[in-house]
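Participant: Sequence:
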Amino acid sequence: METVSNHTILTAGEGPAAEVINPRGAAPICLVCEHASAFIPAALDNLGVAPDQRHSHAAWDIGGRDLAVALSKSLDAPLVASRVSRLVYDCNRPPSAPDAIPAKSEVVEVPGNADLSTTDRAARVAEIYEPFRALLTATLDAFQTPPVLVTIHSFTPIWFGQPRKVALGLLHDSDDTLAKAMLATAPDGLDTRLNAPYSVTDGVTHTLREHAIPRGLPNVMIEVRNDLISDPAGVARFDRILGQMLTSALQTQVAS
201 METVSNHTIL TAGEGPAAEV INPRGAAPIC LVCEHASAFI PAALDNLGVA
251 PDQRHSHAAW DIGGRDLAVA LSKSLDAPLV ASRVSRLVYD CNRPPSAPDA
301 IPAKSEVVEV PGNADLSTTD RAARVAEIYE PFRALLTATL DAFQTPPVLV
351 TIHSFTPIWF GQPRKVALGL LHDSDDTLAK AMLATAPDGL DTRLNAPYSV
401 TDGVTHTLRE HAIPRGLPNV MIEVRNDLIS DPAGVARFDR ILGQMLTSAL
451 QTQVAS
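In the working numbering, the protein residues as written are 201 to 456.
Since the hints were made in silico from the structure, they are not lab data.
Just so it is clear, the structure is predicted and the values come from calculations on it, not from any experiment.
Restraint ranges, calculated between C-beta atoms of paired labels, are given here:
1. Gln451 to Gln344: 17 to 25 Å
2. Ser374 to Thr319: 29 to 37 Å
3. Thr337 to Ser296: 12 to 20 Å
Each computed DMTMM-like pair below joins lysine to aspartate or glutamate, with the alpha-carbon atoms no more than 20 Å apart:
4. Lys304 to Asp402
5. Lys304 to Asp320
6. Lys273 to Glu219
7. Lys365 to Asp391
8. Lys304 to Asp315
9. Lys365 to Asp427
10. Lys273 to Asp431
11. Lys365 to Asp402
12. Lys365 to Glu306
13. Lys380 to Asp391
14. Lys304 to Asp245
15. Lys304 to Asp252
16. Lys365 to Asp388
Ideal Cβ placement from N, Cα and C applies to all residues, glycine included.
Please model the complete structure; the sequences and the hints are all you need to start from.
Facilitator: Listed below in structure tokens is the structure:
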């Protein structure tokens, strides 16, 4: 891939591509929200995406950042969050993945991503993915003891016209320990499932595979249906639920 030396996407006023919230959080937990923003830099002219789709689930994980920030506060944990839409670059995908820069997301066309040159793709990687990756690496390196890595996501209730009943998904890559421990603590009446509505076969565990598995860190990818965290009350509810589930699961692991 070509090397990109100049910034062509994010201006100084628009950057950086990623941020750390609560960097001095004392908990041995690192939260991550790869799809925290719907922001598309001005240089990309909205990628040609229709106005009514620019803040849809295609552009970001609705409610994901709000929930991640709430958990960062309640758990006192650092949070690494992207500041750019996944339509520009999906930070939960490696540069080799076709959907890292999607030309279409579900039914949403992204004309600005069609037929990109090698140079254009390299610019997206250099200006969006690599800063996010470097910031997450540095945040993990700063922990005095190896932390738990928890990624926060949301998903749409309807996908290609089909409703999804699951409310909470706990996903894993090669290490299922924490996901299964959290599943065992799920509250009654909340439709909670392992590897739903996605799984490793959908290519969604890149952050876990890139940052947690090589370090031997306990890890889990959390997916909440976005209609359940679309307002402050819903966010507060899942902040409590997930905080309790994660704390209980970690205590169980320590005890065992």
